[in-house]
Amino acid sequence: MRTPADAFIIVLVVSNFSLLGSSRLRALIRIAAVQGLVLGLFPFITQAGAFSAHTLIIGFGGMLLKGVAIPLLLFRALRGVEVYREEKPHVGYTMSIAAGIVFTVVAFWAGAAIPKSALFPSPSLVSLSIFMAATGLFLTIGRAETMTQIIGYLVLENAIYCFGVSLSSSQSMLVEMGALLDLLVGVFIMGIVIYHINREFDSINTEELEVLKE
Amino acid sequence: MISGALCIGSLFVAPLLGVCAGALPVGSRGVLRAGAGAAAMQCGIVAFLYRAAGRDHRIFAFGNNLFLDSLSYYHLGLVALVFFLSSVYANSYFSEEIEQGTFGPKRARRFGLLWNGFFAVLTAVLCANNLGILWICLEATTLISALLILTRGNSASIEAMWKYLLLCSVGIAFAFVGTLLLSVAARAAHVPPGESLLWTSLADRNGMLDGRVMCVAFIFILVGFGTKAGLAPMHTWLPDAHSQAPTPVSAVFSGVMLNCALYCIMRYLPLCEASMGLRGRPHAMLVVFGLLSIMVAAVFIPSQKNIKRLLAYHSVEHMGIIALGLGFGGLGTFAALFHTLNHSVSKTLAFFSAGRLARHYGTHDMAAMKGAVGRNPLWGPAFFVAILALIGVAPFSVFMSEFQIVKASVDGGKYAALAVFLFGSVVVFVSALRHAIDVCMGKRGPVTEPARWFPRDFALVIACVGLLLACGFHLPAWYVDLLRNASAIVEGTQAVSGFAGGLFQ
Chain X
1 MRTPADAFII
11 VLVVSNFSLL
21 GSSRLRALIR
31 IAAVQGLVLG
41 LFPFITQAGA
51 FSAHTLIIGF
61 GGMLLKGVAI
71 PLLLFRALRG
81 VEVYREEKPH
91 VGYTMSIAAG
101 IVFTVVAFWA
111 GAAIPKSALF
121 PSPSLVSLSI
131 FMAATGLFLT
141 IGRAETMTQI
151 IGYLVLENAI
161 YCFGVSLSSS
171 QSMLVEMGAL
181 LDLLVGVFIM
191 GIVIYHINRE
201 FDSINTEELE
211 VLKE
Chain D
215 MISGALCIGS
225 LFVAPLLGVC
235 AGALPVGSRG
245 VLRAGAGAAA
255 MQCGIVAFLY
265 RAAGRDHRIF
275 AFGNNLFLDS
285 LSYYHLGLVA
295 LVFFLSSVYA
305 NSYFSEEIEQ
315 GTFGPKRARR
325 FGLLWNGFFA
335 VLTAVLCANN
345 LGILWICLEA
355 TTLISALLIL
365 TRGNSASIEA
375 MWKYLLLCSV
385 GIAFAFVGTL
395 LLSVAARAAH
405 VPPGESLLWT
415 SLADRNGMLD
425 GRVMCVAFIF
435 ILVGFGTKAG
445 LAPMHTWLPD
455 AHSQAPTPVS
465 AVFSGVMLNC
475 ALYCIMRYLP
485 LCEASMGLRG
495 RPHAMLVVFG
505 LLSIMVAAVF
515 IPSQKNIKRL
525 LAYHSVEHMG
535 IIALGLGFGG
545 LGTFAALFHT
555 LNHSVSKTLA
565 FFSAGRLARH
575 YGTHDMAAMK
585 GAVGRNPLWG
595 PAFFVAILAL
605 IGVAPFSVFM
615 SEFQIVKASV
625 DGGKYAALAV
635 FLFGSVVVFV
645 SALRHAIDVC
655 MGKRGPVTEP
665 ARWFPRDFAL
675 VIACVGLLLA
685 CGFHLPAWYV
695 DLLRNASAIV
705 EGTQAVSGFA
715 GGLFQ
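Taken in order, these protein sequences are the chains called X and D. Everything in the first sequence is counted per my numbering, starting at 1 for the first residue and increasing by one. Everything in the second sequence is counted per my numbering, starting at 215 for the first residue and increasing by one.
Each hint should be verified, as a subset may be incorrect.
Claimed, not checked - Straight-line distance between alpha carbons at most 27 Å, and here's what the computed DSSO-like set of lysine-lysine pairs gives: (1) D/Lys657 to D/Lys584; (2) D/Lys584 to X/Lys213; (3) D/Lys519 to D/Lys657; (4) X/Lys213 to X/Lys88; (5) D/Lys657 to X/Lys213; (6) D/Lys621 to D/Lys519.
What the hints assert, rightly or not - Estimated spans, in silico, between C-beta atoms of each pair: (7) X/Leu181 to D/Pro406: 21 to 29 Å; (8) X/Gly80 to D/Ala691: 55 to 63 Å; (9) D/Ala677 to X/Leu181: 32 to 40 Å.
Everything labelled a hint here was simulated from the structure, so no lab data went into it. Being a predicted model, the structure only gives us computed values, none of them experimental. Beta carbons are placed, not taken as given, at the ideal position from N, Cα and C, and that holds for glycine.
Model the full structure from these sequences, guided by the hints.
What follows is the structure, given as structure tokens:
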């Protein structure tokens, strides 16, 4: 570990494996919240002490939304439906961990192939983004409970946030805050849908959603 | 001289008035009428702005984050037109439910709020110069329209909404990666940091962006916005969402929302093409996605049983045709933009008819919907005509735009793509015509409600059929001018030549 960023990368890699190996929905939400809090610190680390109002707002805004507000929304939705475990995932947990190992190798191999340049100042963060995006997509596709799929979507959004930080891309604050707001509203609406699915199907398992299958 | 902020700000007045109408103590009919009034007002505002301030000039506002050019005007006009037609239709569509008390003021206000909110964010997509804002607004359309699918609240609509929300949100997340990569590519062109996502700044430095990064960015953009546009193989949400939404919502989904997602791709196309050395790779990618969509429609349309799913697969086909035209470039781009209008109007009419026939027969199952022309003398023939227009029968304007796309492929020597396009189109033509004959002709099937229509329904059918026929015979000079300017923006070149307004000229 040469820099604080490396320590945070390790935390995020471990958190991804925890997401892939856990069936308890509360634990999944907590892990996603930890990811949100850690990612919120990244803008401060990459700016190396030169904090601007923009960095402070994006960093704290990200932490507040991804680490606090969204997890609280998800906990609330979970209490409403009273489902606490992923019972029958499409892909088993051992296979999920194996897939995670493959994702890690491919992501860091791809990251190593990107030369450090003015366009890509942090290739290791690009690798982490690829790994997180693969994990998020895997959770969205490989799990049956709607709550786990939402967490998969959240991890995918975390990956994009991480990718944005890795590029040190200076979007306008309007764009970054707008993207975070879209995420918050998106998760809020998904929470509403979970309530409707539970009311209509007496379950939040997507296996039940087969009225429209061709 | 009208200020840019006033011009662009005025485009949000009508949708926001519609939103406010939901807060007033008016009944269900009042909310629906307010929606129609807002859309009519928007049609007038777009026409006025185009004549008074638009044409050849870009208008900027709000720190250059919003702007208007010919491509925006064209799509804004389309959005306003389809919203107007659909809002008028909504007054008829919900009339039985209002009489039965199942569409009370509370539900109507919620519907009006979402409907006009959806209208406002679609308008914002089309005014965005900042590509980050464009992405945010398109994502917002997903969130708002997802709730519109849930209007009925039954199990099928919940399932459709879930698939739509998850697939489109994940898809559009990919488009955001493309947007981030674009800002990285802009560094090579020394675009000032604050302008790295301004489309006009990037277009002014066309060809100077980093080509390798732009290649990767365009793949993300195409997959991301292509998901929302219903391009195969990312189209799987579309038949479910279109079939489960209330019919006016299905009409605006198909008539404008898909076009707005393609509009986003159109904005990126010239930037990517120029920075990748004008070797046609982005155009080739569009051709592949276009052909795939046409073939997916050709596979699924023959076996459809649900009338609204049939129309949804037609949307996949027509989005494919538009992508194909854009992929051919030149005259193909002109034809693709022309096809956008033709598809929107014909699909709007098709959904209107299908919605009323489904209510008349009490089912969406085409096997039970027989003899519609005899049973319902307005919506039965309207459905048949809409299907004829959709499959490209002359002299409807869809035939004209498809003919131009064929011409563009022959001119460009793209015979393999042309062969696949023609094969897919023939399969769709035959199978859709068979479905239409089965529904409209023959022995009359049992109905659950008497046929009922209002004078405004006649006006809607006449307006849609009249527009499709008029554009099939002759395009007015101002419309050709607008299309040429819009095509030039998508091409990143000067106005396209070689297309005359009259039939076969």
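Against the structure, the hints come out as follows:
1. D/Lys657 to D/Lys584: holds, 6 Å
2. D/Lys584 to X/Lys213: holds, 25 Å
3. D/Lys519 to D/Lys657: Holds, at about 18 Å.
4. X/Lys213 to X/Lys88: holds, 20 Å
5. D/Lys657 to X/Lys213: Distance of about 30 Å is beyond 27 Å: violated.
6. D/Lys621 to D/Lys519: Cα-Cα ~34 Å, so violated.
7. X/Leu181 to D/Pro406: 21 to 29 Å: Distance hint for X/Leu181, D/Pro406 holds at roughly 26 Å.
8. X/Gly80 to D/Ala691: 55 to 63 Å: Hint holds: Cβ distance 60 Å, inside 55 to 63 Å.
9. D/Ala677 to X/Leu181: 32 to 40 Å: Holds, at about 39 Å.
In terms of the numbered hints stated before, the structure departs from hints 5, 6, listed from lowest to highest.
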